[in-house]
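Taken in order, these protein sequences are the chains called A and B.
Per the UniProt record's numbering, the very first residue in the first sequence carries number 1; after that it's consecutive.
Per the UniProt record's numbering, the very first residue in the second sequence carries number 1; after that it's consecutive.
One thing to keep in mind: the hints can contain errors.
Claimed, not checked - Example chain B residues on the side facing chain A (calculated, C-beta under 10 angstroms, incomplete):
no. : residue
1   : Pro100
2   : Thr171
3   : Trp263
4   : Leu288
What the hints assert, rightly or not - Just a sample of chain A residues kept apart from chain B, beta carbon distances all over 12 angstroms, derived:
no. : residue
5   : Ala13
6   : Glu88
7   : Ala122
8   : Gly253
These aren't lab readings, by the way, just hints derived from the structure by calculation.
For every residue, glycine included, the Cβ atom is placed at its ideal position computed from N, Cα and C.
Spelled out, the chains give:
Number of protein chains: 2
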Amino acid sequence: MSLSDAPLLRALAGDRPDRTPVWFMRQAGRSLPEYRELRVGTRMLDACLTPDLAAEITLQPVRRHGVDAGIFFSDIVVPLRLAGVEVEIEPGRGPVFAEPIRTAADVERITSIDPESLDASAVAEAVRIVVSELGETPLIGFAGAPFTLAAYLVEGGPSKEHMRARALMHTDPESWHRLAGWLAQVSRVFLQAQIDAGASAVQLFDSWAGSLSRADYLEFVAPHSTAALRDVTAPIIHFGVGTGPFLADMRLGGIADAVGVDWRMPLTEAISVLGPDVTVQGNINPALLSAPWPVLEAHVRDVLAQGRGARAHIVNLGHGVPPETDPEQLTRIVELVHSI
Amino acid sequence: MSLSDAPLLRALAGDRPDRTPVWFMRQAGRSLPEYRELRVGTRMLDACLTPDLAAEITLQPVRRHGVDAGIFFSDIVVPLRLAGVEVEIEPGRGPVFAEPIRTAADVERITSIDPESLDASAVAEAVRIVVSELGETPLIGFAGAPFTLAAYLVEGGPSKEHMRARALMHTDPESWHRLAGWLAQVSRVFLQAQIDAGASAVQLFDSWAGSLSRADYLEFVAPHSTAALRDVTAPIIHFGVGTGPFLADMRLGGIADAVGVDWRMPLTEAISVLGPDVTVQGNINPALLSAPWPVLEAHVRDVLAQGRGARAHIVNLGHGVPPETDPEQLTRIVELVHSI
Numbered sequence: 001m002s003l004s005d006a007p008l009l010r011a012l013a014g015d016r017p018d019r020t021p022v023w024f025m026r027q028a029g030r031s032l033p034e035y036r037e038l039r040v041g042t043r044m045l046d047a048c049l050t051p052d053l054a055a056e057i058t059l060q061p062v063r064r065h066g067v068d069a070g071i072f073f074s075d076i077v078v079p080l081r082l083a084g085v086e087v088e089i090e091p092g093r094g095p096v097f098a099e100p101i102r103t104a105a106d107v108e109r110i111t112s113i114d115p116e117s118l119d120a121s122a123v124a125e126a127v128r129i130v131v132s133e134l135g136e137t138p139l140i141g142f143a144g145a146p147f148t149l150a151a152y153l154v155e156g157g158p159s160k161e162h163m164r165a166r167a168l169m170h171t172d173p174e175s176w177h178r179l180a181g182w183l184a185q186v187s188r189v190f191l192q193a194q195i196d197a198g199a200s201a202v203q204l205f206d207s208w209a210g211s212l213s214r215a216d217y218l219e220f221v222a223p224h225s226t227a228a229l230r231d232v233t234a235p236i237i238h239f240g241v242g243t244g245p246f247l248a249d250m251r252l253g254g255i256a257d258a259v260g261v262d263w264r265m266p267l268t269e270a271i272s273v274l275g276p277d278v279t280v281q282g283n284i285n286p287a288l289l290s291a292p293w294p295v296l297e298a299h300v301r302d303v304l305a306q307g308r309g310a311r312a313h314i315v316n317l318g319h320g321v322p323p324e325t326d327p328e329q330l331t332r333i334v335e336l337v338h339s340i
Numbered sequence: 001m002s003l004s005d006a007p008l009l010r011a012l013a014g015d016r017p018d019r020t021p022v023w024f025m026r027q028a029g030r031s032l033p034e035y036r037e038l039r040v041g042t043r044m045l046d047a048c049l050t051p052d053l054a055a056e057i058t059l060q061p062v063r064r065h066g067v068d069a070g071i072f073f074s075d076i077v078v079p080l081r082l083a084g085v086e087v088e089i090e091p092g093r094g095p096v097f098a099e100p101i102r103t104a105a106d107v108e109r110i111t112s113i114d115p116e117s118l119d120a121s122a123v124a125e126a127v128r129i130v131v132s133e134l135g136e137t138p139l140i141g142f143a144g145a146p147f148t149l150a151a152y153l154v155e156g157g158p159s160k161e162h163m164r165a166r167a168l169m170h171t172d173p174e175s176w177h178r179l180a181g182w183l184a185q186v187s188r189v190f191l192q193a194q195i196d197a198g199a200s201a202v203q204l205f206d207s208w209a210g211s212l213s214r215a216d217y218l219e220f221v222a223p224h225s226t227a228a229l230r231d232v233t234a235p236i237i238h239f240g241v242g243t244g245p246f247l248a249d250m251r252l253g254g255i256a257d258a259v260g261v262d263w264r265m266p267l268t269e270a271i272s273v274l275g276p277d278v279t280v281q282g283n284i285n286p287a288l289l290s291a292p293w294p295v296l297e298a299h300v301r302d303v304l305a306q307g308r309g310a311r312a313h314i315v316n317l318g319h320g321v322p323p324e325t326d327p328e329q330l331t332r333i334v335e336l337v338h339s340i
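In isolation and in its complexed conformation, chain A is listed as follows (with noise of 0.2 angstroms):
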């Protein structure tokens, strides 16, 4: 089998491969106890950018549960950093930026910054070691879509409900915009560097896309979505979180291969709703994931049964695995999805 026979590239294709394929959103993490033991004495930032580790993470889930892709193992603002913003990781909290973007002025001054600046050698080298270790395993790259983004930095740091990004749209429509504008430079630069480096698809999560009405995504949000994607050249995964309002919209105009479902809304309504020509990635619920294996068995058939309607269907879960799952769990979905 080559690379392009890959079963994850070919349902991004629209091809339905002899064997459905399966990831896990944070695969890569949390999860494994080899990760943590690797992680001991390393700040987040530091191991994302020290090729070498980078690589590691992002290869343990692959030889431990063998999924059918890899996923660059990062962190949403790592393009930020590498465009010489000051953030830092705190352990339990989240991205913290040393200066939150408010302002006019503080949109001002990060925007200066040229986005094709930014410095993704460190990146580029942990694509390369991976996608040599890969194989025929495609890999896939990583960025948090401009919204996302914008909610951290704004705030200044993680929130519940990202009220001053949402705030900003409407008070400084136009700064917004150079923002997120910006982002998805910054967001499109970054993923284009692990296509450049071998990855083989990228995935853009726009995790906190759910907090916005309908009418806020598309005026304020789909636009520079889109953007950050436009002249990506690798099939497009697009994720987003309580996004059922406007699921049909996260296609963003059919730029995107696939869109990624999460746990709320069942397989066979997404499919209804984006329509016959994408592909489906989803949608375990992650719950389940800490439930006695036969009810979790159910569950994973009953996923599987309803993206069979689609055109093309990717298991994943509806969100990121939870730290504390038993990765034995993990690997029993994998071998399931595989045996039917």
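Using the hints, position chain B against chain A.
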């Protein structure tokens, strides 16, 4: 004017009073300097359970903003504390339980407490003080819905996605139903105590229900929320965040006189989903409270215009008042709504 002619109560009955009623979730509390002054040196749950203090905090925003209802100042965990469960509110974090309820044995232990034994005398006393001060302005009683209470209890504190409660439903449905059934009785007893002391209506808050699929909501949550409200002897408002995908189910088979709508779904869409025989409440985008007045004013006028499609409309926010809100903005909204 007598209390029974109050715009809020007429709107709940399906009439269109001359003045559109308006109040704000979390109007009592963090956004008011007079509240912050009053609270210095008093822990949250002590404030809730000191009748004079809880009454004064409830009254502050009615005096300041001229809203059409008081909302009883309390916390979602107050009835649990009154039932003897060990819980404290940690400033900046939220409710934290000494012993999370995770196993069948935990559930058996907590549900052995008789909900009827809950001593609500301090709450009843506070309600009586408020009601005598409010005169013809109605007081809305307050309680958390069984799922939202369970989300805190099972986790042991606040959580982003309420994974443990969502898991318990599937891993041990019997324990789940036992726990949620017990919480429903706790909420019912707490609401009825407020009504018996003079509250004119009640609102059940299911703040976290939006983390559920519709199927899980219908099977594991709706029956218990219905039980919490079934014998309650006052008009009912039912509110959840992110419940757009099952908004019609929030009517609980017609038990709810009004359904609250969050900021994500336009009221016109909510009204068409809910049907003609229920009052709608909402749904000013809280993020716009920090916008310049002309931006906020246009938005409030739009919400009012959309609300005209319902049998009756109670103006509110789509979620609680953010702590950093300038109270002047709230007063301006009340004046605007009353002037139209």
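These are the hints, each one checked on the structure:
Annotation: interface hint on Pro100 (chain B) violated; nearest CB of chain A at approximately 13 angstroms, more than 10 angstroms. For Thr171 (chain B), the suggested interface contact is upheld, since its CB lies about 5 angstroms from the closest CB of chain A, less than 10 angstroms. At a threshold of 10 angstroms, the smallest CB-CB gap from Trp263 (chain B) to chain A is about 6 angstroms, leaving the interface hint in force. A cut of 10 angstroms between beta carbons decides the hint on Leu288 (chain B): the least distance to chain A is about 6 angstroms, and the hint holds.
No beta-carbon of chain B is positioned within 12 angstroms of the beta-carbon of Ala13 (chain A); the least distance is around 30 angstroms. Listed as outside the interface, Glu88 (chain A) is consistent with that label: its C-beta sits roughly 20 angstroms from the nearest C-beta of chain B, beyond the 12 angstroms cut-off. With a least CB separation of 30 angstroms from chain B, Ala122 (chain A) remains clear of the 12 angstroms interface cut-off, as annotated. Consistency note on Gly253 (chain A): stated as away from chain B, and its beta-carbon is indeed over 12 angstroms from all of that chain's, at 22 angstroms minimum.
Hint violations for this structure: number 1 only, all remaining hints satisfied.
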